[in-house]
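Enquirer: Model the full assembly from the supplied sequences, consistent with the hints where possible.
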Amino acid sequence: MTYQSPRDARVPVITAIQVLVVSCGSVYVAMPADITRGILDPQEVGPDGTVTAVGVTYAMTDLVARLGLEHAGRSAEPKIVLCARREAAKAVYVDQLYELVDVKQDQVHTLPMHFTGAERDWFAGIFLLHDNVTLLVNPAWLLGDEREAPGRRPCSGGAAISLPAGAADQQYGQPRRPPVGWL
Amino acid sequence: MLQGLRARTAGTRNLNATRLHSLVRFSIGGRVLAVRIDEDGGVQPWTVSTFAPSQTPFINAVVLYGNDFLPVFDLAGRLKLPTKSQMAFCMVAKHARGPIAVRIDKEIPSLQTVDAASIRPSPDGSEDFTGWCTMGGEEVPILSFEHLVTPAGGGPAPVPERTDVQ
Numbered sequence: 012m013t014y015q016s017p018r019d020a021r022v023p024v025i026t027a028i029q030v031l032v033v034s035c036g037s038v039y040v041a042m043p044a045d046i047t048r049g050i051l052d053p054q055e056v057g058p059d060g061t062v063t064a065v066g067v068t069y070a071m072t073d074l075v076a077r078l079g080l081e082h083a084g085r086s087a088e089p090k091i092v093l094c095a096r097r098e099a100a101k102a103v104y105v106d107q108l109y110e111l112v113d114v115k116q117d118q119v120h121t122l123p124m125h126f127t128g129a130e131r132d133w134f135a136g137i138f139l140l141h142d143n144v145t146l147l148v149n150p151a152w153l154l155g156d157e158r159e160a161p162g163r164r165p166c167s168g169g170a171a172i173s174l175p176a177g178a179a180d181q182q183y184g185q186p187r188r189p190p191v192g193w194l
Numbered sequence: 185m186l187q188g189l190r191a192r193t194a195g196t197r198n199l200n201a202t203r204l205h206s207l208v209r210f211s212i213g214g215r216v217l218a219v220r221i222d223e224d225g226g227v228q229p230w231t232v233s234t235f236a237p238s239q240t241p242f243i244n245a246v247v248l249y250g251n252d253f254l255p256v257f258d259l260a261g262r263l264k265l266p267t268k269s270q271m272a273f274c275m276v277a278k279h280a281r282g283p284i285a286v287r288i289d290k291e292i293p294s295l296q297t298v299d300a301a302s303i304r305p306s307p308d309g310s311e312d313f314t315g316w317c318t319m320g321g322e323e324v325p326i327l328s329f330e331h332l333v334t335p336a337g338g339g340p341a342p343v344p345e346r347t348d349v350q
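Chains A and B, in that order, give the protein sequences.
Take the first sequence: its letter number 108 is residue 119 in this note's numbering, and every next letter is one higher.
Take the second sequence: its letter number 19 is residue 203 in this note's numbering, and every next letter is one higher.
Hints in this document: simulated from the structure, not taken from any laboratory.
Hints are not guaranteed to be accurate.
[Claimed, not checked] Below 25 Å or equal to it, Euclidean Cα-Cα: the simulated SDA-like pairs (lysine to any residue) are:
{"id": "1", "chain 1": "B", "residue 1": "K278", "chain 2": "B", "residue 2": "G214"}
{"id": "2", "chain 1": "B", "residue 1": "K278", "chain 2": "A", "residue 2": "H120"}
{"id": "3", "chain 1": "B", "residue 1": "K278", "chain 2": "A", "residue 2": "A129"}
{"id": "4", "chain 1": "B", "residue 1": "K264", "chain 2": "A", "residue 2": "D59"}
{"id": "5", "chain 1": "B", "residue 1": "K278", "chain 2": "A", "residue 2": "L139"}
Expert: Here it is, written out as structure tokens:
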């Protein structure tokens, strides 16, 4: 019998995080994949603004509106991303879904310290992906209480359905070049 | 006696010595401004910036220089100056929180040396400007990036109007 000392145990070092890349208006946003539970079309949302999947009820939230942005035009293909962690569950409306991708942790920078407003709660970091500046959303803020931001209305639509497991693992194509940057 | 003579001479020399300040003269929205050289981290060609949702006044974009994301400070907006659509330069300003990118006009900034005694305080006591000086017969406000980048809630500071020296 081989005795393995506790010191021989290898502690897994997380060197990359998997994110789901979406767009809100003209901004690329990354959502940690470990909180995503599924993808829906907006018309699949219940008339009461909730989604129920695998016994979990998700309250709708419009990420575009929460970030103070304007929705993309008709060319966008909006999606609802089901997100959950512990007891919090939200159906997040985004303008466009792109891909599931691994990002090295050393690629993710913290938001520059000159940003001193609520955006420090919105975003956990910033990184470059396919030459596009992408903002990593803070899952705690995403799934947190929205009552602190009055005036933001989640979108609603469609009928509720049950979502098959593993839908979040699908790839949705490569991100496009972003619109002309702000000058 | 010789030591006393030397001391008096040194003191006289100090009184006659001129303290000089090095300033970087630049243009934004067609308006000439200056900043202390120790706040200027260099000038580079302007690159496309990326909008970043933000509630920080006048900071809602980033640019990538090398491997660093620099916040973009909208100095033109802060001072209520027009933004020219032509090609521009990027002044990398030094700030306690780290370097910031400031879009300035395509006029190449120049280094100017002025007599410290000629720098006058801002007429309205604004903390955004450390003073006024005369460069080439023109009254030029001296701004401080350290004071301009304020926490949320800070208001804009319009550039005070001054007549040029005749």
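Enquirer: So, for every hint listed, does it hold in this structure?
Expert: Comparing the hints with the structure gives:
| no. | hint | in the structure |
| --- | --- | --- |
| 1 | K278/B x G214/B | holds (23 Å) |
| 2 | K278/B x H120/A | holds (19 Å) |
| 3 | K278/B x A129/A | holds (24 Å) |
| 4 | K264/B x D59/A | violated (45 Å) |
| 5 | K278/B x L139/A | holds (24 Å) |
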